[in-house]
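If you're matching them up, the sequences are chains A and B in order. The first sequence maps to residues 624 to 818 in the working numbering. The second sequence maps to residues 624 to 818 in the working numbering.
Careful, some of the hints might be misleading.
Here chain B is said to cover these stretches of chain A; the calculated rule only asks that three of the stretch's residues, wherever they fall, bring their Cβ under 8 Å from a Cβ of chain B [claimed, not checked]:
hint	segment
1	641-655
2	658-666
3	673-679
4	701-710
SDA-like, lysine to any residue: derived pairs with alpha carbons at most 20 Å apart [said to hold, decoys possible]:
hint	chain 1	residue 1	chain 2	residue 2
5	A	Lys715	B	Glu686
6	B	Lys750	A	Tyr744
7	B	Lys631	B	Ser707
8	B	Lys750	A	Glu722
Worth flagging that the hints you see were computed from the coordinates, not collected in a lab. Being a predicted model, the structure only gives us computed values, none of them experimental. We put the beta carbon where it would ideally sit given N, CA and C, even for glycine.
2 protein chains.
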Amino acid sequence: MSDLLIQKIKEYVELKDEDFLLLEKYFQKKTMAKGDFLFREGDAVHHAIFVNSGLIRTFIIDEQGTEHILQFALPGWWTGDLGSFISGATTKFFVEALENSEVLSISKQSWDELLDKAPFYLDYHRKLLERGLVAIQNRLLETFSTDASQKYQQLMETFPDILQRVPLYMIASYLGMSRETLSRVRNQMVKKKTN
Amino acid sequence: MSDLLIQKIKEYVELKDEDFLLLEKYFQKKTMAKGDFLFREGDAVHHAIFVNSGLIRTFIIDEQGTEHILQFALPGWWTGDLGSFISGATTKFFVEALENSEVLSISKQSWDELLDKAPFYLDYHRKLLERGLVAIQNRLLETFSTDASQKYQQLMETFPDILQRVPLYMIASYLGMSRETLSRVRNQMVKKKTN
DNA sequence: CCAGTTCATTGACTTAAGTCACAAAATGAA
DNA sequence: TTCATTTTGTGACTTAAGTCAATGAACTGG
């Protein structure tokens, strides 16, 4: 079983020994090579995904053919498409491994069963949702109230590790700007520092 | 007790008669006149708010002094600041009644007790969070992939009622554009229709 | 270790949206 | 109704960011 998942759950709720024995049954380990897709636009999403190691991104492609990255999921994060997972509708997302990765996969059916049987899991899930909602709210407000340079600096502070691991054009996409703009922003910052 | 809250909960979970007797104890009715603030930046937020009637907005004011509206809460919606409510930190939000309104208020303490005692409420809350997270994700992706005109048209389709009830400069703020831009977008749409 | 791709940078130009200033409507309180 | 305030609309101009195109750097897989 994934020690990481157990560790993460413990950050939110109390876990007894028999509790994480229960978890074993529900999750399946899956390895992904860099470039593998977990699913693509149009797929039905019947699994929730927890990242054990590696790096996964979720993105959409809009009508103009432009990619927009919604999330970079590092170890300890959940990823996938919550909307499709709960509604059963086909997804608009692509989920791709940016590095060789290992994930835990749980089917919708198992998920519902687990929520039903394990109060601690329900509680964990709820707290995760609460924090997730707050985080994405903040991200939305940030897109409204900051310019390109501030967005980049903010990212550098909150997820410095991501900058080391993903190409800059993906960072730009995540921040909602063109790669050229990001390039210029970075350039400006270097100039200002050396002054 | 609020019939609306009960009705809303029933949209998500099964409710027995004794269940909504329980609810009575936890919520307090509060009336707000147009222009009243429920709380402001810097306040500690110890209550969650359910809108029974009227219209409430939540917004922040950024460093440049510009307002950014995060939400218009119509009857049946929850509002406030989830982040501060769960963490206890002071808020950056302003919550203001745009019309004379009636809300239900529940303290953090009661909230936790209710979640603990009433499994149906936990379930309702969880499902609400799930849908809320998906909705705000979609809003974020929309800000990345659409121009001013598309954003306005999208809003017209999803919340036509709001347009009747709030000044346009607030709509503009909600959509993340200046009031002048919104004015021009609307003007263009009229011209195109009459052609 | 080389060839071919992928990625980043830069300059020139375009464009969508913002800003400022003012005027015209609309609203609403006395 | 009237007067003051709030809200909306418009023109002129600015600006941040996008687009296009070309070049160079850096990986990477055989």
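Any hints this thing doesn't respect? Which numbers, in order? Per hint list: 1, 2, 3, 5, 7, 8 violated.
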